[in-house]
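First residue of the first sequence: 768, per the numbering used here; consecutive thereafter.
Just so you know, these hints were derived from the structure itself, not from any lab. One or more of the hints may lead you astray.
[Claimed, not checked] Cut-off 25 angstroms, straight-line C-alpha distance, at most; resulting in silico cross-link-like pairs (DSS-like, lysine-lysine): (1) Lys1243 with Lys1230; (2) Lys1233 with Lys1256; (3) Lys828 with Lys1002; (4) Lys1161 with Lys1112; (5) Lys1236 with Lys1256; (6) Lys780 with Lys828; (7) Lys932 with Lys1006; (8) Lys1109 with Lys1177; (9) Lys1112 with Lys1141; (10) Lys1259 with Lys1123; (11) Lys1183 with Lys1141; (12) Lys1230 with Lys1256; (13) Lys1177 with Lys1230; (14) Lys1233 with Lys1243; (15) Lys1002 with Lys1039; (16) Lys1259 with Lys1183; (17) Lys828 with Lys1006; (18) Lys828 with Lys1039; (19) Lys1243 with Lys1259; (20) Lys828 with Lys771; (21) Lys1112 with Lys1259; (22) Lys1177 with Lys1256; (23) Lys1141 with Lys1161.
[To be verified] FRET-style restraints, in silico, Cβ to Cβ: (24) Lys780 with Arg1113: 25 to 35 angstroms; (25) Ala1103 with Gln933: 38 to 48 angstroms; (26) Thr1076 with Glu976: 40 to 50 angstroms; (27) Leu1200 with Glu987: 51 to 61 angstroms; (28) Val1239 with Asn1178: 20 to 30 angstroms.
Backbone N, C-alpha and C define an ideal beta-carbon position, used for all residues, glycine too.
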Amino acid sequence: MSLKVYNSLSRSKEVFTPITPGHVGMYVCGPTVSGESHLGHARPYITFDVVYRYLQHLGYKVRYVRNITDAGHFEEEGREAEDKISSKAVLEKLEPMELVQKYTNLFHWAMAQFNNLPPSIEPTATGHIIEQIVMIQQIIADGYAYEINGSVYFDVNKYNHHFSKQDLPYGILSGRNLYEQLDTTRDLSNQDEKRNKSDFALWKKAPPEHIMRWQSPWGEGFPGWHIECSAMATKYLGKQFDIHGGGMDLQFPHHECEIAQSTVCNHTPPVKYWLHNNMITINGRKMGKSYGNQIMLSQMFAGTHPLLTQAYSPMTIRFFVLQSHYRSTLDFGNDALKASEKAFKRLWEAYENVQKMGTVGMSDTPSDADLDAKVNGLLAEFAEFMNDDFSTPKIIANMFELVPIINGLKNNQLAKSSFSSATFVNLQQQMHLYIEVILGLRQEQTQNDQLEGVLQLLIDIRKQAKANKDFVTSDKIRNELAALGVMLKDEKGGEMSYTIV
RNA sequence: GGUCCUGUGGCCGAGUGGCUAGGCAGAGCUCUGCAAAAGCUUCUACAGCGGUUCGAAUCCGCUCGGGACCUCCA
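Between the sequences and the hints, there should be enough to build the whole structure, so can you do that?
Structure (structure tokens):
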């Protein structure tokens, strides 16, 4: 049973075979830290966090590189060179690097909330200006870029003409035909200095008002949109690496340009497997800057957005994301989020309970062989589903088939002897492995010993009241705790537990 | 206009031609001092019209609807 991934380049599922046995190099496009991350950003970083976790689980030594784009790129070609980061800085009266630091910190905070593992290397664009300049020089030397008025452009036509002969035409990833493209590219002003409309900037001359600027062989300026990823990926992962991830919206032009740049410099296509996650939509429309429909992550966590009827915790969002396949669009909605919130709580409680249970009452031979086989079958499918292009929704579906079995065992609605102790231990181990280690889910609220003690005391008093048939006291404790958001649950056998809403 | 994706029950969402996805919500039952929780059972589907096939949500065609990219975007 081997891992298969959907490769955007071939448009098909392929068996994953790393270039260097035992090792995996993975690059994922990181955020532009000119603003706060929104719900849409949560998707790729959660998706590729699970990919990272699973590859490690499979025993690979993974180098996961995710950049921070902290050098401004222009808003739109043709407009006056306008640096996203520097213009925002003027607005907020902050130094550019102060702004960058602020949003980088916020991004890291959000990632930690989601329980995303930090990447192995998190390089910044501004820390790799030299590497980018060197790469641009190489492209010029090879004849695929030209300098005009202090800016450098990639010659897409020439690249396409030459590399088409090697079956590496420009547009290979996004399925675009360059010649069709030329007809459909919009007419933008101030493109005179480019030889062709489809050429893209590698280096841009900085106008006087531009704050972020660096010395280069072509004068003071700043790097183009795409070169940072090529330069940093090459530096840390080599001329060819295994996985490049990112959102589908980056496929063109960003990833297409990366391929062109790196192929010229490294004389080989840079990436073996291109993985793209689909978008999070809101009312059927992509969440994005251009639509002005983003909900910031801090707003999600706090419930402070007109479209939110309540706050949603990081684990609710992580679970929500993992309940759909990463290549499908996922539509935001309060009802859907609420469903995920409840579902995750139910799953987590069952998970905690199964970990606490022992094998007392179980033997080597199950009394219900069908059930025993069913449980083992459901567990065995975890790996199968994960190997099938990371089908996390199917894993979660299987887990929910196990939940009633676990709850039944706990409440003695199902005989302990139903399945073998080996099966039960397998259940405990696989649930732990997939819920915590691979899907990266974790307990919602942090433990608070004092609160725990107080609640335990109230539970004891209520138990006593119930034993004395003092239902006035018993109901008072239950109702008033419920009003405070603590749900008490009477379990079979007289035990009580609580859930904080 | 070009390229591509998509349309599943009240909501979200898996679905690799034949076998109940799953979650949330709804209904009934069991349990319970009552309730909740839990367990058991259960109702709502495959946009429409044709075609291929013994058999289609799944393949093909058309129609209608939604969306993405072609511009910064996860």
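How the hints compare with the structure:
1. Lys1243 with Lys1230: Holds, at roughly 12 angstroms.
2. Lys1233 with Lys1256: Satisfied, since the Cα-Cα distance of roughly 13 angstroms is no more than 25 angstroms.
3. Lys828 with Lys1002: holds, 18 angstroms
4. Lys1161 with Lys1112: Within the cut-off at roughly 18 angstroms; holds.
5. Lys1236 with Lys1256: holds, 17 angstroms
6. Lys780 with Lys828: Holds, at about 23 angstroms.
7. Lys932 with Lys1006: holds, 21 angstroms
8. Lys1109 with Lys1177: holds, 20 angstroms
9. Lys1112 with Lys1141: holds, 24 angstroms
10. Lys1259 with Lys1123: The given pair, whose Cα atoms are some 16 angstroms apart, holds under the 25 angstroms limit.
11. Lys1183 with Lys1141: The hint holds at about 15 angstroms.
12. Lys1230 with Lys1256: holds, 12 angstroms
13. Lys1177 with Lys1230: It holds: about 19 angstroms lies between the C-alpha atoms, which stays within 25 angstroms.
14. Lys1233 with Lys1243: holds, 11 angstroms
15. Lys1002 with Lys1039: holds, 17 angstroms
16. Lys1259 with Lys1183: holds, 15 angstroms
17. Lys828 with Lys1006: With a Cα-Cα distance of about 18 angstroms, the restraint between Lys828 and Lys1006 holds, given a limit of 25 angstroms.
18. Lys828 with Lys1039: holds, 17 angstroms
19. Lys1243 with Lys1259: holds, 21 angstroms
20. Lys828 with Lys771: Given that 25 angstroms is the threshold and the Cα spacing comes to 18 angstroms, the pair holds.
21. Lys1112 with Lys1259: holds, 19 angstroms
22. Lys1177 with Lys1256: Measuring from Cα to Cα gives roughly 14 angstroms; hence the hint holds.
23. Lys1141 with Lys1161: holds, 16 angstroms
24. Lys780 with Arg1113: 25 to 35 angstroms: holds, 32 angstroms
25. Ala1103 with Gln933: 38 to 48 angstroms: Given about 46 angstroms between the Cβ atoms, the range holds.
26. Thr1076 with Glu976: 40 to 50 angstroms: holds, 44 angstroms
27. Leu1200 with Glu987: 51 to 61 angstroms: Roughly 53 angstroms apart at Cβ, these two residues keep to the hinted range, so it holds.
28. Val1239 with Asn1178: 20 to 30 angstroms: holds, 27 angstroms
Hint compliance for this structure: no hint is broken.
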